Every structure is written in structure tokens, then in C-alpha cells.
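Chain by chain, the residues run as shown.
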Amino acid sequence: MITVVNPRGQLPPRRLIPMASRLDSIDGKTIYIVDIRWPYTQQFTEELQKILSERYPNTTFIRREKAGPYGEADPQLWDEIKEKGHGMILGTGH
Amino acid sequence: MENRIENPSEDKLSSKTSIALEVLNPRGEIAPLPYLGISPRLKDLAGKRIGIYWVGKQGGDHFWDVVEKAIKERVPSASILRYKGPFDLGESMAERLAKECDVFLYGVGD
Amino acid sequence: MSGAIRLEKLGKPVVYVVPDVFVCDAQSSAEDNGMPGLRLAILPGREYYARRINTKEIEPIALSAIDQLISGLTRPLSEEEERPKQKYLKPTETIKIEAESYELALEKFNQLFIDQHWGSGLPLIPPTKERVDWMLTGTHRSPQEIIGTVIPKNGIATIEKIAINSVMAGAKPEYLPVIIAALEGFLDQDFDLLHMTTSSGSFLPAIIVNGPIAKEIDMNSGIGLIGHGWRANNTIGHAIRLSLINLGHLWPGENDMALIGRLSSHTFFTFAENEEQSPWEPYHVSLGYKKEESAVTVSTIGGYTSGLTILGGGAVEIWSAQSILDRMTSLISGNRRIFGLFKRGQANPMAHPSRFIFVIHPELALELNRLGYNRESLQKYLYEKTCIPYENLTPQEVKGLEDRIDASRAGDILRYDLIPSDRLPIFQEALQSGEKVPVVISPHDIALFVAGGFPGYTFAMSYFRVSHVTKKVEGV
Numbered sequence: 001m002i003t004v005v006n007p008r009g010q011l012p013p014r015r016l017i018p019m020a021s022r023l024d025s026i027d028g029k030t031i032y033i034v035d036i037r038w039p040y041t042q043q044f045t046e047e048l049q050k051i052l053s054e055r056y057p058n059t060t061f062i063r064r065e066k067a068g069p070y071g072e073a074d075p076q077l078w079d080e081i082k083e084k085g086h087g088m089i090l091g092t093g094h
Numbered sequence: 095m096e097n098r099i100e101n102p103s104e105d106k107l108s109s110k111t112s113i114a115l116e117v118l119n120p121r122g123e124i125a126p127l128p129y130l131g132i133s134p135r136l137k138d139l140a141g142k143r144i145g146i147y148w149v150g151k152q153g154g155d156h157f158w159d160v161v162e163k164a165i166k167e168r169v170p171s172a173s174i175l176r177y178k179g180p181f182d183l184g185e186s187m188a189e190r191l192a193k194e195c196d197v198f199l200y201g202v203g204d
Numbered sequence: 205m206s207g208a209i210r211l212e213k214l215g216k217p218v219v220y221v222v223p224d225v226f227v228c229d230a231q232s233s234a235e236d237n238g239m240p241g242l243r244l245a246i247l248p249g250r251e252y253y254a255r256r257i258n259t260k261e262i263e264p265i266a267l268s269a270i271d272q273l274i275s276g277l278t279r280p281l282s283e284e285e286e287r288p289k290q291k292y293l294k295p296t297e298t299i300k301i302e303a304e305s306y307e308l309a310l311e312k313f314n315q316l317f318i319d320q321h322w323g324s325g326l327p328l329i330p331p332t333k334e335r336v337d338w339m340l341t342g343t344h345r346s347p348q349e350i351i352g353t354v355i356p357k358n359g360i361a362t363i364e365k366i367a368i369n370s371v372m373a374g375a376k377p378e379y380l381p382v383i384i385a386a387l388e389g390f391l392d393q394d395f396d397l398l399h400m401t402t403s404s405g406s407f408l409p410a411i412i413v414n415g416p417i418a419k420e421i422d423m424n425s426g427i428g429l430i431g432h433g434w435r436a437n438n439t440i441g442h443a444i445r446l447s448l449i450n451l452g453h454l455w456p457g458e459n460d461m462a463l464i465g466r467l468s469s470h471t472f473f474t475f476a477e478n479e480e481q482s483p484w485e486p487y488h489v490s491l492g493y494k495k496e497e498s499a500v501t502v503s504t505i506g507g508y509t510s511g512l513t514i515l516g517g518g519a520v521e522i523w524s525a526q527s528i529l530d531r532m533t534s535l536i537s538g539n540r541r542i543f544g545l546f547k548r549g550q551a552n553p554m555a556h557p558s559r560f561i562f563v564i565h566p567e568l569a570l571e572l573n574r575l576g577y578n579r580e581s582l583q584k585y586l587y588e589k590t591c592i593p594y595e596n597l598t599p600q601e602v603k604g605l606e607d608r609i610d611a612s613r614a615g616d617i618l619r620y621d622l623i624p625s626d627r628l629p630i631f632q633e634a635l636q637s638g639e640k641v642p643v644v645i646s647p648h649d650i651a652l653f654v655a656g657g658f659p660g661y662t663f664a665m666s667y668f669r670v671s672h673v674t675k676k677v678e679g680v
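Protein chains in written order, with our numbering: chain A, 1 to 94; chain B, 95 to 204; chain C, 205 to 680.
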């Protein structure tokens, strides 16, 4: 038998965040579509807004572009969504 | 690890029993090749035909231009013939050139 | 070098002129060619390369070499120069390493092997008899079978020696047949192994595996296909790297003169075709092998002739089949070496016609398949699309191609520059107004593989026409 030493780096402890509770329905709600501004995501999120608005006429879909590089938060936008929105679609990851 | 090698006694993993690791030689055996000597040299270059064979790599012609001029000054009775070709001039070209010259300068080989 | 020795053998005194950085290489090469005493005139490399730009700059370097040149031709021979002694030493079969513990022996072994220039710089597994025997269980071939000799020093490549190097690389027995097939490819007469392993241009091989063995030994052909993290891909490449070092007696700066080293120098670009996600028949099947057979294609790439060029795909830029086809065609047609600077008997890399490998990512292959292309029709499309109207050739380019045709017909041409006889009529007929002239000699000089993941990139690799060989995997 040989015993070897674990070469893996120790990960920092992770804070687990519970997900927000889901909506029963999106009727009458405001959903933000947030474009992270990766190349060519604009046409996708615009199209998404159009299709979803047609398919769910009782829901308001607001398309917004996130400020800053794609790895960074946009606190102002997050505050706005917290205040006025009920849900968010973020895209597109790559 | 470095320290362990310097001070094997500090190596906790090391036992006092000596171990022998026998490994196979990874080298390809080279079959013995007959070695040839080089050709006898000339006493001097007076009146001789000197071939300059250039492998065509960029800038080599500038080098050989200077060499040609300097040898002509040093040995005015020698004649210089210039050739250009691949690294290995090949058998037929070698035979032709050997008839045309007495000695050769060959290169510049990188 | 071999040219200078030819003249010596014909009884002519020769001086071989070489910059100092290549002296070791030249001496080694003189030995390999059986004339260790060949006289050298040594130039200061640091100045030679920088100052050869014109006659005025190079003059002092050239003048300082005159004495060496003349004396090399006239100084009487020494005994050793006249009758050099044979230096053959029968190599030892095993090496014994003693230490107080296995860990120390392992360290000692690794240091000894790299000091001897028997390693690659990465840690090695000790090739003990037991482990080599285990490796040899991967093939039915006899350990004593010789597959050829490996340049530059013509070391004999036996199956056993390949197995020893495969152990050192960390390979598994089931990889051994692939490693042997790749080496058989390098030793094929159509492969210029000397150029790939020793040229200052820093070339490397792509090693591409086809057939069922790729899946059986878990080779990567998806995301990260030329990268790390796959034992089969990486240790097959490493076993080949070590075999080239040890069977050929090759070492950087001594006789391997790759000036910048190489991309992926320890493991090369070793991957499998993504046959599962390819809409086309596997590459080896297109060459006439059976689907149930496995094959390894080895191909020189890189160096200054282009290592790896991304042509599209990925997760950033948008692409279409046509946009990538357009990049492929402009890459091929932008390479006009077939017309270029060709002079009979002269080595000029810029006049060696090219061969291309395109590694097509599966999404593009599926799209091309939907558009009606298969491998053969795509090769034909690229070949035809990249032809250049005769009217667009400069007079010098026309002359270049005419000279190449004449020299090919006369057989007085380097194999790098040759137009094979079956292709000659095509080029002959194309040289007239209204016709289009191909820039690659044959559609087969455009090799197409499907590999990569979803998403993937399509990329190109290229070299001269030679050194692209496929070998069947035998002895599994």
C-alpha cells in the first residue's frame, strides 16, 4: 500500500444562498430581461422580449442592459429590479 | 524534496534498507558505421579552381561576395567558381562539380 | 553537410562553413554521415546573422574567416583526420539505481535520465523490466521487431525500445499500438522526419487517431482536444516525444535546432477525429481503410509556415458556414508558393507548395453536410475555388511555375517542389489565358478532419506537401 498526499487546493467555505421563491404565475407581473452585453446578445434579448411579450400579453417584459463587464454586478439595476420587478431573465451566458 | 535528498536520514519515508531500481536503457542502438577520413589537402591554392557552393539561405551571397574578393587578392592565380543549390547538392551535381573544381568551400550551413 | 561529404568522397578538399551555434549540430551530423573529421570554418553566429544583410556589414566577418578557409583547404591532415577511429560502444541494457528508499531512487533516476539527455524534462516512470513487460502486453508484435532507424543518428527502433519509452512517458499497454503506428508513419519514406525534428523553423507533428481504438483507449476529440487532461492523448504524444529523443539521439541545441522550441513540445498535437459527431465517414475510411480498422495520421505542421490558425466558430464571434469557407479559401489562395521564387536546384522554403489540414468543428461539419458537402466534394470545392485566373499571375509567377513544370518533368527537383507526373498535364494546360491555375497541387493536399466539441473552432495547420502519412494500427 502506498499513501499519497492530496494535491488539491482547499476551497474557501461556500456561503449557500437560497433561491427566491417562484411565482405562481407571471400574469400581471413585471419581468426584466437583462442583457449582459456579450457580443451579439443584443439581437437575442430583443427578440426574446418581442416573443415573450406576444405570448404573454398580461406580463410586462422590460429589457435592460447590465452596466460593467460581464463578471461584475450592477447594483443600481439590481435595486431597480428589486423594487419594480418580480423576476429576471439574465443572458446569455457563454 | 530537495532537502530530503541532501539529508536522506531526515526522510521519514526512507527506510534503512537499501533498494535497487533496475531500469532498461531507452536509447536506440546505433549500428556501427564505417568512418571515412577526409581527402588529402593541397599544398597551396595557387592556380587552383576553388568552388564556392552556397546553400541559398538569405544573405549568404553577401558573405561569399566578400570571401571571393579576398581570396582573389590573396591568391591571384586561383580561379573561383560560384554554385548555388540545396543543402545536399546530390550525387550527379557533386560529380559534375568535382570535375570543375579542385577544392570547395561549402555553406553557410545553419 | 551530406553534400560536403559527397565532394570529400570524390577526393576534393572541402571546408564546411557554419555559424558557431551550429557547430555541435555540424559535428554531430558529420559523424552521422560517417566522416567525423570534416573540416569546419566557424563564423561568430551572433554577428553573422545580424550582419549578413549587405556586403558592407558582413565584410569584417567574412574577412576574419579567410585564414580559416584557406588553412582548412591546405593544412596537412592529422592521423585522426586521415583514419578516424571507430567509436562504437555497445550500449548497456540496464542501468541500476541504488538508494535508501524508493522515493530517493525515483528522484535519482529522474535526475540521471535528464542529465544523460534521455528524458524530456517532465518526470518519468522508471522503465523496469516488469513494467516494460507489462507495456509489451499491449501488442502481439515481437519485442525484437525492428520498424526502422530514427534520424538524426539512426538509432534502431525496436518494439521493445518503443515500449521502454512508452513506460517512461506514463502510457498504458493499450496505447502502444497507436504509438508504434505513429512512429511507423514518421519512418515512412514520404515523411521528412529530419526536417521536422531538427530544423531551426521549429516544426511539430499533429498525430490524429481514427477508428475504434480511439474510443477504446478514451482519447479526447472534443473540447480541449489539443490540450491537457487526457491520459491517452498526452502520454501517447509524450511517448513519441521520448522515442524521438532516445531512438534518434536527439537533443535541443545539439542536433535539434528548433530555435523557439515547439508548441506543445512534450506531447505534440495528439487527438482523435470526432467520428461520433461527424456527419462524414472517418478520415481513414476516405483513404480506403475499413471502418473497423484503426489508423494514425502523422503530419508535420507549424514552424514559420503557420502553426495553427483559427478560422471561425467558438462562443464569441458569430460565424456561418460560408464565412468559414471564405476564410479557408483565402488562406489557401493567399499562399502562392507554387508560383514563387522557384529556381532549379535551389532550396527555398518559400517556393515549396503547401499542404493544409483543416480541423472542422462538428457544428460546421453538420451544417456543411446539410448544404450538401461531403469530405470529397468539400476538398474539390476548396481546390477549385482557390484556383487563380491565369491573367492574374505576374510574369514572374508564370515563369516560376513553368520552371517547376520543366524541372518536375526532367526529375531534376527536390521532392518538396515536385509536381507529380499525374498532375503535370493539369498545370501545363492551366498556363494559358482563360484558364485557372491551382495553388495546391492536388485536392488531397487539403486534408479535412472533424474534431472539437460544441461549440468548437475550425482551425488550419499547414506545412509543405510532404510528411503527411497514415498508418494502420497493427498488432493490437
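It is possible that some hints are incorrect.
[Said to hold, decoys possible] Restraint-style ranges between C-beta atoms, simulated for each label pair:
1) B/Leu175 with C/Lys300: 43 to 49 Å
2) B/Leu175 with C/Ile257: 21 to 27 Å
3) C/Leu467 with A/Lys84: 49 to 55 Å
4) A/Ile89 with C/Ile427: 25 to 31 Å
[What the hints assert, rightly or not] Computed cross-link-like contacts, BS3-like style, restricted to lysine-lysine with a CA-CA straight-line distance of at most 30 Å:
5) B/Lys151 with C/Lys260
6) C/Lys495 with C/Lys376
7) C/Lys357 with B/Lys163
8) C/Lys376 with B/Lys151
9) B/Lys166 with C/Lys213
10) B/Lys151 with C/Lys357
11) C/Lys357 with C/Lys419
12) B/Lys178 with C/Lys289
13) B/Lys193 with B/Lys137
14) A/Lys50 with A/Lys29
15) C/Lys603 with B/Lys151
16) C/Lys603 with C/Lys640
17) C/Lys676 with B/Lys193
18) B/Lys137 with C/Lys213
19) C/Lys357 with B/Lys178
20) C/Lys213 with B/Lys142
21) C/Lys333 with C/Lys357
22) B/Lys137 with C/Lys289
23) B/Lys163 with C/Lys213
24) C/Lys294 with C/Lys213
25) C/Lys376 with C/Lys603
26) B/Lys178 with C/Lys495
27) C/Lys376 with C/Lys333
28) C/Lys260 with B/Lys166
29) B/Lys142 with C/Lys260
30) B/Lys178 with C/Lys260
[Said to hold, decoys possible] From chain C, some residues computed to sit far from chain A (all C-beta separations above 12 Å):
31) Gly241
32) Thr298
33) Thr332
34) Gly518
35) Glu521
To be clear, the hints were calculated from the coordinates, so they are not data collected in a lab.
Because the structure is a prediction, the values reported are computed rather than measured.
We put the CB at the ideal spot given by N, CA and C, even for glycine.
These are the hints, each one checked on the structure:
With their beta carbons about 58 Å apart, B/Leu175 and C/Lys300 fall outside the hinted range of 43 to 49 Å. About 25 Å separates the C-beta atoms of B/Leu175 and C/Ile257, a value consistent with the hinted range of 21 to 27 Å. A C-beta distance of roughly 53 Å is found between C/Leu467 and A/Lys84, which places it inside the suggested range of 49 to 55 Å. In this structure the hint that A/Ile89 and C/Ile427 lie 25 to 31 Å apart at CB holds, the actual value being about 26 Å.
Of the pairs offered as hints, the one joining B/Lys151 and C/Lys260 holds, with about 18 Å between alpha carbons and a cut-off of 30 Å not exceeded. Among the hinted pairs, C/Lys495 with C/Lys376 is consistent with the structure: their alpha-carbon atoms are about 24 Å apart, no more than 30 Å. For the hint pairing C/Lys357 with B/Lys163, the CA-to-CA distance comes to about 38 Å; that exceeds 30 Å, so the pair is violated. At roughly 44 Å between alpha-carbon atoms, C/Lys376 and B/Lys151 are farther apart than 30 Å, so this suggested pair is violated.
Proximity of B/Lys166 to C/Lys213 is assessed by CA-CA distance (about 27 Å); at most 30 Å being required, the pair is judged to hold. Between B/Lys151 and C/Lys357, the direct Cα distance comes to roughly 25 Å. Compliance with the 30 Å bound is thereby established for this hinted pair. Between C/Lys357 and C/Lys419 the alpha-carbon distance is near 35 Å, which puts this suggested pair outside the 30 Å criterion. Taken as a hint, the B/Lys178 and C/Lys289 pair is broken in the structure, with Cα atoms around 33 Å apart against an allowance of 30 Å.
A C-alpha spacing of about 19 Å is found between B/Lys193 and B/Lys137, which places the hinted pair at or below 30 Å, so the restraint holds. A distance of roughly 16 Å separates the Cα atoms of A/Lys50 and A/Lys29; the hinted pair therefore holds under the 30 Å criterion. This hinted pair checks out: C/Lys603 and B/Lys151 have alpha carbons roughly 21 Å apart, not beyond 30 Å. A threshold of 30 Å between alpha carbons decides the hint, and for C/Lys603 with C/Lys640 the separation of about 16 Å falls inside it, so the pair holds.
For the suggested pair C/Lys676 and B/Lys193, the alpha carbons sit about 47 Å apart, so the restraint of at most 30 Å is broken. Taken as a hint, the B/Lys137 and C/Lys213 pair is honoured in the structure, with Cα atoms around 19 Å apart against an allowance of 30 Å. Note on C/Lys357 and B/Lys178: the hinted pairing holds, with a Cα-Cα distance of about 27 Å set against a maximum of 30 Å. A distance of roughly 19 Å separates the Cα atoms of C/Lys213 and B/Lys142; the hinted pair therefore holds under the 30 Å criterion.
At roughly 26 Å between alpha-carbon atoms, C/Lys333 and C/Lys357 fall within 30 Å of each other, so this suggested pair holds. Restraint check: the Cα-Cα separation between B/Lys137 and C/Lys289 comes to about 25 Å, which is no more than 30 Å; the hinted pair holds. For the hint linking B/Lys163 to C/Lys213, the alpha-carbon distance of about 28 Å falls within 30 Å, and the restraint holds. Simply put, C/Lys294 and C/Lys213 have alpha-carbon atoms about 28 Å apart, close enough for the 30 Å limit, and the pair holds.
Between the alpha carbons of C/Lys376 and C/Lys603 the distance comes to roughly 54 Å, so the proposed pair goes past 30 Å and is violated. Taken as a hint, the B/Lys178 and C/Lys495 pair is broken in the structure, with Cα atoms around 49 Å apart against an allowance of 30 Å. Straight-line distance between C-alpha atoms of C/Lys376 and C/Lys333 comes to about 15 Å, which keeps the hinted pair within the 30 Å bound. Note on C/Lys260 and B/Lys166: the hinted pairing holds, with a Cα-Cα distance of about 18 Å set against a maximum of 30 Å.
For the hint linking B/Lys142 to C/Lys260, the alpha-carbon distance of about 28 Å falls within 30 Å, and the restraint holds. Between B/Lys178 and C/Lys260 the CA atoms are separated by roughly 22 Å; this keeps the pair inside 30 Å, and the hint holds. Non-interface call for C/Gly241 relative to chain A: holds, since the shortest CB-CB distance, roughly 53 Å, exceeds 12 Å. Consistency note on C/Thr298: stated as away from chain A, and its beta-carbon is indeed over 12 Å from all of that chain's, at 24 Å minimum.
Against chain A, the non-interface label of C/Thr332 holds: every CB pair exceeds 12 Å, the least being about 16 Å. The claim that C/Gly518 lies off the interface is violated: its Cβ sits roughly 9 Å from the closest Cβ of chain A, which falls inside the 12 Å cut-off. Annotated as non-interface, C/Glu521 brings its C-beta within 12 Å of a C-beta of chain A; the closest such distance is 7 Å.
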